[in-house]
Amino acid sequence: MTNVHTPLLEIRNLHASIEEDGTEILRGIDLKILPGEVHAVMGPNGSGKSTLAHVLSGRPGYRVTQGTVSFLGNDLLAMKPEERAREGVFLAFQYPVEIPGVSNTYFLRTAVNAVRRHRGLAELDAMDFLQLLDEKAKLVEMEEALLNRSVNEGFSGGEKKRNEVLQMALLDPRLAILDETDSGLDIDALRIAAGGVNALRDGTRGFLVITHYQRLLNYIVPDVVHVLSDGKIVKSGDKGLALELEAKGYGWIEKEAAAAAL
Amino acid sequence: MTGSAKAATIRDGVDVLATQAEEFASGLAGPPWLTKLRRAGVASFVKTGFPSQHDEEWHYTNVLPLARTVFGLAPRDVTIAERTQAVELEARLGTLGLSSPGPRLVFVNGHLVRRTAHTLPAEILFENLGTVLRLAPERVEKALVAAPSAHPFVALNDAFLDTGALVRVGKGLTAPDPLVVVHLSTSASATPAPLMSHLRNLVVLEEHAAATVIEVFLGTDELSLTNAVTQAVLGENARLTHIKVQLEGRQAYHVGNLFLSHARGARSTSHVYSFGGATVRNEIAATLSGEGSGTEMYGLFAAAAGQSVDCHTVIDHAAPRADSLELYKGILDGNGRGAFDGKVIVREGAVKTDARQTNRNLILSDEALVDSKPQLEIHNNDVRCTHGSTTGRIDSDALFYLRSRGLSEGAARALLTYAFGSEVVSKVAAPDVKALLEDRLHAWLPAADASVNG
Numbered sequence: 082m083t084n085v086h087t088p089l090l091e092i093r094n095l096h097a098s099i100e101e102d103g104t105e106i107l108r109g110i111d112l113k114i115l116p117g118e119v120h121a122v123m124g125p126n127g128s129g130k131s132t133l134a135h136v137l138s139g140r141p142g143y144r145v146t147q148g149t150v151s152f153l154g155n156d157l158l159a160m161k162p163e164e165r166a167r168e169g170v171f172l173a174f175q176y177p178v179e180i181p182g183v184s185n186t187y188f189l190r191t192a193v194n195a196v197r198r199h200r201g202l203a204e205l206d207a208m209d210f211l212q213l214l215d216e217k218a219k220l221v222e223m224e225e226a227l228l229n230r231s232v233n234e235g236f237s238g239g240e241k242k243r244n245e246v247l248q249m250a251l252l253d254p255r256l257a258i259l260d261e262t263d264s265g266l267d268i269d270a271l272r273i274a275a276g277g278v279n280a281l282r283d284g285t286r287g288f289l290v291i292t293h294y295q296r297l298l299n300y301i302v303p304d305v306v307h308v309l310s311d312g313k314i315v316k317s318g319d320k321g322l323a324l325e326l327e328a329k330g331y332g333w334i335e336k337e338a339a340a341a342a343l
Numbered sequence: 311m312t313g314s315a316k317a318a319t320i321r322d323g324v325d326v327l328a329t330q331a332e333e334f335a336s337g338l339a340g341p342p343w344l345t346k347l348r349r350a351g352v353a354s355f356v357k358t359g360f361p362s363q364h365d366e367e368w369h370y371t372n373v374l375p376l377a378r379t380v381f382g383l384a385p386r387d388v389t390i391a392e393r394t395q396a397v398e399l400e401a402r403l404g405t406l407g408l409s410s411p412g413p414r415l416v417f418v419n420g421h422l423v424r425r426t427a428h429t430l431p432a433e434i435l436f437e438n439l440g441t442v443l444r445l446a447p448e449r450v451e452k453a454l455v456a457a458p459s460a461h462p463f464v465a466l467n468d469a470f471l472d473t474g475a476l477v478r479v480g481k482g483l484t485a486p487d488p489l490v491v492v493h494l495s496t497s498a499s500a501t502p503a504p505l506m507s508h509l510r511n512l513v514v515l516e517e518h519a520a521a522t523v524i525e526v527f528l529g530t531d532e533l534s535l536t537n538a539v540t541q542a543v544l545g546e547n548a549r550l551t552h553i554k555v556q557l558e559g560r561q562a563y564h565v566g567n568l569f570l571s572h573a574r575g576a577r578s579t580s581h582v583y584s585f586g587g588a589t590v591r592n593e594i595a596a597t598l599s600g601e602g603s604g605t606e607m608y609g610l611f612a613a614a615a616g617q618s619v620d621c622h623t624v625i626d627h628a629a630p631r632a633d634s635l636e637l638y639k640g641i642l643d644g645n646g647r648g649a650f651d652g653k654v655i656v657r658e659g660a661v662k663t664d665a666r667q668t669n670r671n672l673i674l675s676d677e678a679l680v681d682s683k684p685q686l687e688i689h690n691n692d693v694r695c696t697h698g699s700t701t702g703r704i705d706s707d708a709l710f711y712l713r714s715r716g717l718s719e720g721a722a723r724a725l726l727t728y729a730f731g732s733e734v735v736s737k738v739a740a741p742d743v744k745a746l747l748e749d750r751l752h753a754w755l756p757a758a759d760a761s762v763n764g
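From first to last, the protein sequence lines stand for chains U and E. So for the first sequence, my numbering puts the first residue at 82; every next one is plus one. So for the second sequence, my numbering puts the first residue at 311; every next one is plus one.
Check the hints yourself; a few may be wrong.
On the chain E side, residues computed to face chain U include the following (Cβ under 10 Å) [as the list claims (entries may be wrong)]:
| hint | residue |
| --- | --- |
| 1 | Asp387 |
| 2 | Thr389 |
| 3 | Val455 |
| 4 | Ala456 |
| 5 | Ser459 |
| 6 | Leu709 |
| 7 | Leu712 |
| 8 | Arg713 |
| 9 | Arg715 |
| 10 | Glu719 |
| 11 | Ala721 |
| 12 | Ala722 |
| 13 | Tyr728 |
Subject to a maximum C-alpha distance of 20 Å in a straight line, what follows is the list of computed SDA-like cross-link-like pairs (lysine to any residue) [to be verified]:
| hint | chain 1 | residue 1 | chain 2 | residue 2 |
| --- | --- | --- | --- | --- |
| 14 | E | Lys737 | U | Pro181 |
| 15 | U | Lys329 | U | Tyr294 |
| 16 | E | Lys357 | E | Arg378 |
| 17 | E | Lys481 | E | Glu517 |
| 18 | E | Lys653 | E | Asp681 |
| 19 | U | Lys161 | E | Asp705 |
| 20 | E | Lys737 | U | Glu234 |
| 21 | U | Lys161 | E | Glu719 |
| 22 | U | Lys161 | E | Asp707 |
| 23 | E | Lys737 | E | Glu517 |
| 24 | E | Lys744 | U | Gly182 |
| 25 | U | Lys161 | E | Gly720 |
| 26 | U | Lys320 | U | Glu335 |
| 27 | E | Lys737 | U | Arg230 |
| 28 | E | Lys744 | U | Pro181 |
| 29 | U | Lys113 | U | Gly148 |
| 30 | E | Lys744 | U | Lys329 |
| 31 | E | Lys737 | U | Asn229 |
| 32 | U | Lys161 | U | Gly142 |
| 33 | U | Lys161 | E | Ser706 |
| 34 | E | Lys737 | U | Gly182 |
| 35 | E | Lys737 | U | Ser184 |
| 36 | E | Lys481 | E | Thr429 |
| 37 | E | Lys744 | U | Asn229 |
Computed Cβ-Cβ distance ranges for the label pairs, DEER-style [what the hints assert, rightly or not]:
| hint | chain 1 | residue 1 | chain 2 | residue 2 | range |
| --- | --- | --- | --- | --- | --- |
| 38 | E | Glu733 | U | Arg108 | 41 to 47 Å |
| 39 | U | Asp102 | E | Thr319 | 54 to 60 Å |
| 40 | E | Thr394 | U | Asn155 | 56 to 62 Å |
Keep in mind that the hints were calculated from the coordinates and are not lab data. Even for Gly, the Cβ is constructed at its ideal location relative to N, Cα and C.
Make a model of the complete structure from these sequences and hints.
Structure (structure tokens):
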């Protein structure tokens, strides 16, 4: 069904509002990610970056009012969050959730087996899983103690983000969405998290990297950079665009967009 | 099932029970103090009658259907059918993981049917209280007459006092294995009426003695009433772990009262796990009358459709430097009802008291309801007391987080509910009981059929 020319993700004219009060956040997004590509979405606060990540992952609380999203040719928006995950969409959370009483290892194995079952693979027993976990944990320099604790409970900011990348590595997604993975991280934590992501770049997996700052893109080098402003992509370019934004701020882009709209 | 006789009014219900108790007592021999105790129980019960929901302490417990049902006592001669059912019920415990080969007493409808062979030192007594009342009543007189209670169900328990488990651990000794008491309610008695049993367990730990006592309640799905009282008397520096696991059937009424008294330096840990029954009330009254004594109370109650579970605890700090720690959690589903009513009293002289109380409840459906009533009553300033109560639903962020990792909504809810309860279960030290409880928690969960991995 798919080949290298089928986009991993194709977003067309996506409009989405907050369900509770009807405020429109996304106002016509178009975006296409081919296998192996890394796309960065940058933008000022309130531009709709995180909403885009939430809508793509199926988080409740939003209503899509127009447009389509296809993932490997299938209607992504018709799928439940868990179906998206099993089909191969992974969201690395900006604020990973603490779940007291559920051991990280148990949670990871449950998730891995839910995805494997969907893909027609045999479930991993405890021994096989621990072997896999051991291998992937090295990727993000995750200590064993954190694997035995409750999910994210008492983890530092950096440990939580590394746990996200670990989950990504275990679930082996086709498309990974990173929602401000750099927020709240010092440079060492950022380096480790980015290293984990880079290890997963294999020429077929796609990435959508959402960030406010250019800094992360020094570590995860994008093929395409998009600038989001007021719920629309107002400019796209190569990695040079990110550097330009870093130097000049978002103001000039917004002015340019406003001028174009006149 | 067969229809059961109804008392026309609650007053009639009280009179029926009083008559039953008098008849019961008149058929029993025994020393004068015992006869007096039973009679006083009848008199007290007749005086107070069944509590009504107007009574603040009973606001959340509807005893009306119970009060109007005429229950009968199972005849002393246990039938073959009862024994067969008891064996089947008890086998469930093995399936659930409680297979410890240690000392065990098994009661069916209030009558001892089985005891495992065990060799305990002579100073550790683990016996049928009924046997002791017949052969050597003087050994338990002091403890039994010490605590008259105005509680109607405790008075009723006095009135029918004749059976239960007696644990007595001599000075400085530690019972090597948990002492397990299994109470089974079955419908296979020769009596056509629904059955009631009034169980009295007595635990006496002498100074520096230690024991773990596990009480398990199981039953078939017919109408029944279990009215259990456990009195635990802890001598100086004694240690008691008391675990109650309530897994009775769908139509069971269960009223349980646990009394804990602590001499200087004595420490108790109480666990209450309540998953079964229709109308259930678990009460604990702990008195910390010895300096430096302490109690920890852990409770997990679950009420699904058609179930009502009330937990009432009173911790009475009556001596200096005593501490108490309480953690109760409730899980409510369907139209289940629950209540936590926890009172901590700190008396005037109880300086340097350290009391912490927490109640958390998880509501899984729109129809479920829980009342939380933590109460502190402090009569001196030199104390550290905290209490907190929260009631909420499954956290939507956590739910989405799990779903975004491929877990179905049902599996995610089940896992989060399990996690909520497991905090309490994790406090149980006995591994086989912990396994049993985890299993029960899984089995109880709304999406258990889809399995946590589903």
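Legend entry - Ascending list of hint numbers which this structure does not respect: The structure conflicts with hints 1, 2, 3, 4, 5, 23, 30, although it agrees with all the remaining ones.
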